[in-house]
Amino acid sequence: MNEIAFLTPDPDVLARREAIVAGLADLVPTEALVTDPRELVPFETDAFTAYRRVPLAVVLPGTTEEVAAVLAYCAEQGVPVVPRGAGTSLAGGAIPQEDAVVIGVSRMNRILEIDHDNRTCTVQAGVTNLAISDRVAADGFFYAPDPSSQLACTIAGNIGMNSGGAHCLKYGVTTNNLLGAKVVLLDGTIVDLGGKALDAPGLDLLGLLCGSEGQLGIITEATVRLLAKPEGARPVLFGFDSSEVAGACVSEIIGAGIIPVAIEFMDKPAIEICEAFAKAGYPLDVEALLIIEVEGSEAEMDDMLARIIAIARRHGVASIKESQSATEAAQIWKGRKSAFGATGRIADYICMDGTVPLGQLSHVLRETYRIVAGYGLRVANVFHAGDGNMHPLILYDVNDPAEAEKAELAGADILKLCVDAGGCLTGEHGVGIEKRDLMLHQFSETDLNQQMAVRAAFDPGWILNPSKVFPLSFSRQGAS
Amino acid sequence: MVAEARGAGRTLAIAGAGSKAGVGQPVTADAAIASTGLAGIVEYNPEELVVVARAGTPLADIEAALAENGQALMFEPADWSRLLGSNAGQTIGGIAATNMSGPRRILAGAARDALLGVRFVNGRGEAIRNGGRVMKNVTGLDLVKLMAGSWGTLGLITEVAFKVLPRPETEVTLAVDGPGAADAAKLMARAMGTSAEVSGAANLPGPIAGRVLADGRAGRPTTLLRLEGFAVSIAERIGRLTPQLGAGHDIAQLDAAASQRAWAAIRDVAPFADGTETPVWRISAAPMAGHAVAADILGQTEGEAFFDWQGGLVWLRISGEDPQADRVRTSLAAHGGGHALLVRTGEDARARTSVFQPEPAPVAALSEKIRSSIDPDGVFNCGRRPFASVRRAA
Numbered sequence: 001m002n003e004i005a006f007l008t009p010d011p012d013v014l015a016r017r018e019a020i021v022a023g024l025a026d027l028v029p030t031e032a033l034v035t036d037p038r039e040l041v042p043f044e045t046d047a048f049t050a051y052r053r054v055p056l057a058v059v060l061p062g063t064t065e066e067v068a069a070v071l072a073y074c075a076e077q078g079v080p081v082v083p084r085g086a087g088t089s090l091a092g093g094a095i096p097q098e099d100a101v102v103i104g105v106s107r108m109n110r111i112l113e114i115d116h117d118n119r120t121c122t123v124q125a126g127v128t129n130l131a132i133s134d135r136v137a138a139d140g141f142f143y144a145p146d147p148s149s150q151l152a153c154t155i156a157g158n159i160g161m162n163s164g165g166a167h168c169l170k171y172g173v174t175t176n177n178l179l180g181a182k183v184v185l186l187d188g189t190i191v192d193l194g195g196k197a198l199d200a201p202g203l204d205l206l207g208l209l210c211g212s213e214g215q216l217g218i219i220t221e222a223t224v225r226l227l228a229k230p231e232g233a234r235p236v237l238f239g240f241d242s243s244e245v246a247g248a249c250v251s252e253i254i255g256a257g258i259i260p261v262a263i264e265f266m267d268k269p270a271i272e273i274c275e276a277f278a279k280a281g282y283p284l285d286v287e288a289l290l291i292i293e294v295e296g297s298e299a300e301m302d303d304m305l306a307r308i309i310a311i312a313r314r315h316g317v318a319s320i321k322e323s324q325s326a327t328e329a330a331q332i333w334k335g336r337k338s339a340f341g342a343t344g345r346i347a348d349y350i351c352m353d354g355t356v357p358l359g360q361l362s363h364v365l366r367e368t369y370r371i372v373a374g375y376g377l378r379v380a381n382v383f384h385a386g387d388g389n390m391h392p393l394i395l396y397d398v399n400d401p402a403e404a405e406k407a408e409l410a411g412a413d414i415l416k417l418c419v420d421a422g423g424c425l426t427g428e429h430g431v432g433i434e435k436r437d438l439m440l441h442q443f444s445e446t447d448l449n450q451q452m453a454v455r456a457a458f459d460p461g462w463i464l465n466p467s468k469v470f471p472l473s474f475s476r477q478g479a480s
Numbered sequence: 001m002v003a004e005a006r007g008a009g010r011t012l013a014i015a016g017a018g019s020k021a022g023v024g025q026p027v028t029a030d031a032a033i034a035s036t037g038l039a040g041i042v043e044y045n046p047e048e049l050v051v052v053a054r055a056g057t058p059l060a061d062i063e064a065a066l067a068e069n070g071q072a073l074m075f076e077p078a079d080w081s082r083l084l085g086s087n088a089g090q091t092i093g094g095i096a097a098t099n100m101s102g103p104r105r106i107l108a109g110a111a112r113d114a115l116l117g118v119r120f121v122n123g124r125g126e127a128i129r130n131g132g133r134v135m136k137n138v139t140g141l142d143l144v145k146l147m148a149g150s151w152g153t154l155g156l157i158t159e160v161a162f163k164v165l166p167r168p169e170t171e172v173t174l175a176v177d178g179p180g181a182a183d184a185a186k187l188m189a190r191a192m193g194t195s196a197e198v199s200g201a202a203n204l205p206g207p208i209a210g211r212v213l214a215d216g217r218a219g220r221p222t223t224l225l226r227l228e229g230f231a232v233s234i235a236e237r238i239g240r241l242t243p244q245l246g247a248g249h250d251i252a253q254l255d256a257a258a259s260q261r262a263w264a265a266i267r268d269v270a271p272f273a274d275g276t277e278t279p280v281w282r283i284s285a286a287p288m289a290g291h292a293v294a295a296d297i298l299g300q301t302e303g304e305a306f307f308d309w310q311g312g313l314v315w316l317r318i319s320g321e322d323p324q325a326d327r328v329r330t331s332l333a334a335h336g337g338g339h340a341l342l343v344r345t346g347e348d349a350r351a352r353t354s355v356f357q358p359e360p361a362p363v364a365a366l367s368e369k370i371r372s373s374i375d376p377d378g379v380f381n382c383g384r385r386p387f388a389s390v391r392r393a394a
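Protein chains in written order, with the UniProt record's numbering: chain A, 1 to 480; chain B, 1 to 394.
If we strip away everything but chain A, and leave its shape as in the complex, we get:
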C-alpha cells in the first residue's frame, strides 16, 4: 500500500521524554497532563483513522496562560507541538507523532460573552460549533458555518481548517464569520487579533491564521459573528434523468438571481445508499437528485420556490417533492446528512474533498466515474453543488490491500482532475498529511516556497504541527 510517510522521531527528544514530561508537570495542573500509555490512546489519531502514532505526551490546558507556558517551553526544548481541537479532522491534521506534545483545547469550553446588539459571541477555543447556535437560538440568532461534524468539532479546529458546511453558499465559511481571536505565538506571547469591529487594522493576520492548520499559533479564544435566524427554511427534492441536466438547472437558478441557502447534489449510487439507510423518500428511478433549500417567511419561500420550480420544469425535472412540514423537511435532510454513515455500512470508503468551478461540475463528474471504473471500483457522489465542493466516496474493501491502494490512487487522480479543471485539492477538510504530497500539483515550487517563508515568520524551527500541509520531501523541515 502507498503508505503516507511520517518523520523519523527525533531520538534526542525521545531520550529526554521523562525530563520533558517533568517540565510540563511544572506548568500545568496534574489533571491537565496525560502521559499514561492507555490514556494516550484516544490521541493517537483523529478522524483520519488509517494512521496512528502515540504522542510523547498530551496537555489539556485550562487557560490561555497555560497554553502560553506549554508552547514556550516546547519551543525552547525543541519539542514538536500538535494542536488539537476535538480531533475530527478527516485529513489527518491532528495526527500526532512520537516526539510531539499534543496541546488540546477541549477543556477550554466556556462561552465567555454573548453580545446581541453587536451580534457577536466570544468563546473559549474548545467550545463546539453547535454549542454556539444552541446557546443563542432562543434569542433568534445562529452561528452560520455548519460543518457536518458540528456537534463535536471545536471552534479552534474550525478556525484551524477554515471549515465550511452545507449552508456556506449564502453565509460563507469560517473566515467570513470570524471577527477576532486570542492567539498564542510560539514564544508564548499572547496577542489579540481583531475584535468586535468589522474591520481590523494592518495586515490580516486573522485571515492568515484561519485555515493555517495549526502551523502558525494556537487559538485560545474566538469572537464570531452571530446572524439573525431566518423565519423559516424549506428544502425541496428534485429528481433528474441526468447529472448534466441537474447541473444546467443549478446554473440557471443562479443565473436568475436566486441564491438558495443550500444546493446539494447526489448521484444515483448515493441516492440508493442514503435511501436504503434513511428511508427519506428519495426517488430511486432518477440519475441525480438536488436538494435545494430556501429561507424566509412563508410568502418569501413560496415566491422563491415558485421561481425555482418553474426553472426545474423547463429543464424537464423528473420528480419534485416539496416538504409540507418540519418533519418532512427533516426527513429530506436526514438522507443527505447520513450519506457518510450510510456508505460506511455497506463498504469501506475514502472521501475526497476537491473543489471545482461550477461550470466544470458535469465534466469532473463524468471523469470521476471513468477514473474509478478504471481501477475496478465504485463511487458515490454527494456534494455542495452551489459552491463546487465535491465529495466522491470511493468504495473499497479495507481488508484487501490491493483494493485499498487502488482507492488511494483513484482518489489522487480525482483530486488532480479537480485541480486541472481549475479547482483545488481541498475545499473544507484541509491538506493535513492526506493531501500533502499532492500540493505540487496545485502549486509551483515558488508558490510553496513563499507560503513556507510566511510560515517561517511564525515558526522558523518547524515546531508547530510539523509534517503537515507541505510535501515532506520539499519542506524545509523535511530537508533539514
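These aren't lab readings, by the way, just hints derived from the structure by calculation. Note that the coordinates shown come from a computational prediction; the quantities given were computed from them, not determined experimentally. For each residue, glycine too, the CB sits at the ideal point set by N, CA and C. Among the hints, a few may not be true.
What follows is a set of in silico ranges between Cβ atoms, one per label pair, in the way DEER data are often shown [as the list claims (entries may be wrong)]:
| # | chain 1 | residue 1 | chain 2 | residue 2 | range |
| --- | --- | --- | --- | --- | --- |
| 1 | B | T278 | A | A138 | 42 to 50 Å |
| 2 | B | A127 | A | A5 | 29 to 37 Å |
| 3 | B | G9 | A | S473 | 41 to 49 Å |
| 4 | A | A310 | B | D377 | 56 to 64 Å |
| 5 | B | D61 | A | S444 | 25 to 33 Å |
| 6 | A | G257 | B | D61 | 19 to 27 Å |
| 7 | B | A127 | A | S473 | 43 to 51 Å |
Assemble the complex: chain A is given as a structure, and chain B must be docked to it using the hints.
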C-alpha cells in the same frame, strides 16, 4: 522589472489608477510601477459567480460587465476619489489591495471576503499564485487575505479573482425620523437582529442628512435601513421590520432610485467631499461603540460625524488643520478599541502623523516579519506603514 530593481537596490512605489495615492504616509521610492497596463477581464462565466481580471482593469469595466449579466460585487466598493480631491478612477487591483468595502459590508462581508484568488509579484521578483477561483478552498496558507488590505506593502498584485453574486432585483430604504446617535445605535441593532436581512444601516445627524437626502426630510436626523431582493421579499420584510423599530417614529420609504443615491453618497463619503483638506477619519469600532467614540472626540474638538455599518463605521471630519490623532485614538481605545485611519489630511500632517492605526508591539513585529518574508529587501511602497507599532507611553 522587480527583480532588476531589487538587484540594483532600488525601491518601487506601486500604484493603480492613483485614486487612493493620497492615503498613508507618503511613499518614498526610486521609481513607480503602475498596474494600469495590466488590464482586461481574464475570465468571466456568470453562472460560475466568479470574475477573474488583471489588476489594472478599471473597476468601472468590471462593474459594467457584471451589470450586463445582472451581477455585482456584493461588498459594494467605495470610491474615495472625490473625497480626496482627485478625478482618478479605480482599478480592481486597488480595490483588493485596500480591502475597499461599502455599506453592504455589514451583511455581505468585505472585499477580502469576496477575494478568492490573487497572483502577485513578491519582492524577489517571483510570480506567486495563491487561492483560486472557487468559493471554498483551504489548500495551503491563505495569502489572499494577507494581500487584501496590504496597501501595496507586500507585493504587486497582478491578477485577482472575485466572487460575484446576482444583483438584488430592487431595493427600498426606510428613512426613520429621529433618534440621536446613541438611540439610533440601539434601533439599528434591533433592525439587524431581525430576519429582515437589512443590507445597509446608517445614522445621519441633521445637517448631514440634508446633504445626503434630497427630499423634505433634509435637515432632520435620520436613520436609514436598506432592504434588497425580490419585490415580494422586500414587502414582507418591511412588514416584519417596522414593528421592531419602536413606536413614535415617522418612517418614510425611499424608492429604488432615491435609495441608490443615498447609499452611494454614504459609501463615497460625499458629505465630506468638499474640495478641502480638512482631516477626515474613518473609524472602525464595535457597532454599539461608534456613537460614543464620536461623542467623546466631538466633545473636545470641533467637527462632525456620521455613521455607517450599524454605527460601527464612523466618518469623522475635524474642523481646522490638525488631525488630532492622539485624541482620536485615545477616545477609540477608551471605548473598546478598533481602528482609525486618517483618510484625508494636508501634506504636512500626513508626513507627521500615524495615518494607519498603530498596533501592539508583538503584532507589529510579526507583521514586519511577514512583510520581510515576502519582500525581504523592502522594495515596495517604503514609507507607507500599515503596521507600525504603538509608541510606548513615556
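Hints and how they fare:
The given range of 42 to 50 Å is respected by T278(B) and A138(A), whose C-beta atoms sit roughly 48 Å from each other. Checked against the hint of 29 to 37 Å, the pair A127(B) and A5(A) passes, with Cβ atoms roughly 30 Å apart. Take G9(B) and S473(A): their Cβ atoms lie about 35 Å apart, and the range 41 to 49 Å is violated. Evaluation of the 56 to 64 Å hint for A310(A) and D377(B) yields a pass: the beta carbon distance comes to about 60 Å.
Taking the beta carbon of each, D61(B) and S444(A) are about 29 Å apart, inside 25 to 33 Å as hinted. Hint check: G257(A) to D61(B), Cβ distance near 22 Å, so the stated range 19 to 27 Å holds. Distance hint check: the CB atoms of A127(B) and S473(A) are about 23 Å apart, inconsistent with the given range 43 to 51 Å.
Violated hints, listed in ascending order, are 3 and 7; each of the other numbered hints is respected by the structure.
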